[in-house]
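Keeping their order, the protein sequence lines are chains X and P. Read left to right, the first sequence gives residues 478 to 746 (the numbering used here). Read left to right, the second sequence gives residues 12 to 284 (the numbering used here).
There's no promise every hint is true.
Here are the simulated BS3-like pairs of lysine-lysine, each with C-alpha atoms no more than 27 Å apart in a straight line [stated by the list, open to error]:
1) LYS710(X) with LYS226(P)
2) LYS95(P) with LYS174(P)
3) LYS15(P) with LYS656(X)
4) LYS656(X) with LYS14(P)
5) LYS244(P) with LYS602(X)
6) LYS174(P) with LYS741(X)
7) LYS244(P) with LYS226(P)
Cβ-to-Cβ under 10 Å is the rule here; a few derived chain X residues that face chain P [claimed, not checked]:
8) PRO496
9) LEU567
10) THR575
11) ASP583
12) ILE584
13) LEU593
14) THR595
15) VAL617
16) PHE654
17) MET676
18) ASP679
19) ILE699
20) LEU707
21) MET729
Residues from chain P that keep clear of chain X, each with C-beta distances beyond 10 Å, as calculated [stated by the list, open to error]:
22) GLN54
23) GLY187
24) ASN189
The set of hints was computed from the structure by calculation and includes no laboratory data. Just so it is clear, CB atoms sit at the ideal spot from N, CA and C, and this is done for glycine as well.
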Amino acid sequence: MRRANRIFTAAVFVFLYVPMFVLILSSFNAGRDLAVFEGFTLIQYAELFRDEDLLRLLLNSAIVAVLSSLIATALGTMAAIGIHNMRGKLRSLVMTMTNIPMTNPDIVTGVSLALLFTFIGGLLKTRNVMGFVTLLIAHVTFNLPYVILSVLPKLRQMDSDLEEAALDLGCTPVQAFFKVVIHEIMPGIISGGLMAFTMSLDDFVISYFVYGPRFVTLPVEIYTFTKKPLHPKVYALFTVMFLAILLVMVLMNVLQARDDRRRKAGRSH
Amino acid sequence: MSKKKRWLSGPYVLWMVIFTVVPLGVVAYFALTDNITGAFTLQKRANVGSYLPIFLRSVGLSLVSAVICLLIGYPVAYCIARTKPSTQRLLYLLVMLPMCMSFLLRTLAWVALLEDTGILNTFLGKLGIGPLPLIRNYAAVILGMAYNYLPYMIMPLYSVIVKIDHRLVEAAQDLGCNSVQVFSRVILPLSLPGIVSGVTMVFVPAVSTFYISQKLGSTGTILIGDVVESQFKGAYNPNLGAALSLVLMALVFVCVGLMNRFTDDDGEEIVTI
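Next comes chain X alone, as it looks inside the complex:
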């Protein structure tokens, strides 16, 4: 029974990874068709690094992802600390608001923000309201709940006496806050921030409704390309990003392992 389950699990992992291997293989394909392998080449990688437009799109995506995750991490951490100190109706009201973008389908979030921006654009009498700013606002909005929901559990795990101890030992409230509270919840802040970053980097649906022609991100452009046949250098980019994300995840895994070890060591003292 157990063995059958292991074989089944292995098969599911194959199912999850087959499409990605098709794409990775295609990045070495001399032909253009995903379905026909015509011979090995590295030319797509050369093409990729020569293609300024594609790199520009990647840079745009990275700019939005970095900025939106930083803003969301700062605002979200502050919010989580505030929520942690709330009780009753106020707390459930704020949590309901946090859950709206989590529960709402992305398309509804995208459409609602697009309509808000068009509405504001109408009031300001500008025709091209969509652009970098609207994209950034949208990304911060959908990133915020991820940060809050990964910081809150860390606040709950934290020993609330620690801060008071720091105050008793002569820390100013500001020092106690940064040296004790922020230090204790750091793993939650980091994982929330990273989650926000990856969500933002790969977001297509919401971006698609609030982007403007002056500032396009990679997923949006891929969608508009896929109406035509796609150039294989995009698969080379996919492969590079696959490796980069693998690296980030391994790094996070190591960080988390260290955090767990430290926690265990702390308990045995």
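Since the structure of chain X is already known, use the hints to place chain P on it.
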């Protein structure tokens, strides 16, 4: 607990009111107004009812894919939870990784696998079978949904199953349960919160998707997401699009509310990396 610290939530609350609550009001405003005159109208929205078959199709296909994800994801999550901690972490990472990769390109890879001259049909052709109609039908759309959202099912299931106290299982065995009874009376009820959140996390994006149905489906498999998208990007009628979004949102909230009745979760836990 200090009341002063509550104010740290201020900027966030302000942000969410402006960019989450107000936009929903704007959607409602657009949904109830005429696209040319801007006057309030309900008559123009009477045709929303004609989209009922498309709504039903979207709900049907995404429920089927959520059930498939549950049936596939449960044994996988269970298997991961029973390995040693370092392996668990690695496998969890492998489940997460596809979620971070472009879902547009991954869906496109399925087109290459399934199309009439695609990888699977070429392979089958060599075996003398073929070409099978693997794409542009309901099955392909369900496959696309199940494939894309399977990690969203495995993650919450895993995090619930891994926390089940193994002593409970042993106690049930000692008290004379066979393995089927242990599963149905102990493990399954304890993993219910994970099932509910997994089904929700698959259902919500699946019911509102438009890319999967565009690439893997045909004109016969149009989903509500496709209609909404085309109101904003093609046949420009944002008012109708807003009305349909509003219905979609209400539908999702009702479904999620119904599913959450199975658990008494406070909704403050999420699966983190």
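Against the structure, the hints:
no.	hint	verdict
1	LYS710(X) with LYS226(P)	21 Å, holds
2	LYS95(P) with LYS174(P)	14 Å, holds
3	LYS15(P) with LYS656(X)	19 Å, holds
4	LYS656(X) with LYS14(P)	21 Å, holds
5	LYS244(P) with LYS602(X)	21 Å, holds
6	LYS174(P) with LYS741(X)	17 Å, holds
7	LYS244(P) with LYS226(P)	17 Å, holds
8	PRO496	4 Å, holds
9	LEU567	8 Å, holds
10	THR575	7 Å, holds
11	ASP583	7 Å, holds
12	ILE584	5 Å, holds
13	LEU593	4 Å, holds
14	THR595	7 Å, holds
15	VAL617	7 Å, holds
16	PHE654	9 Å, holds
17	MET676	9 Å, holds
18	ASP679	6 Å, holds
19	ILE699	5 Å, holds
20	LEU707	7 Å, holds
21	MET729	6 Å, holds
22	GLN54	21 Å, holds
23	GLY187	19 Å, holds
24	ASN189	12 Å, holds
Checked against the numbered hints above, the structure violates none of them.
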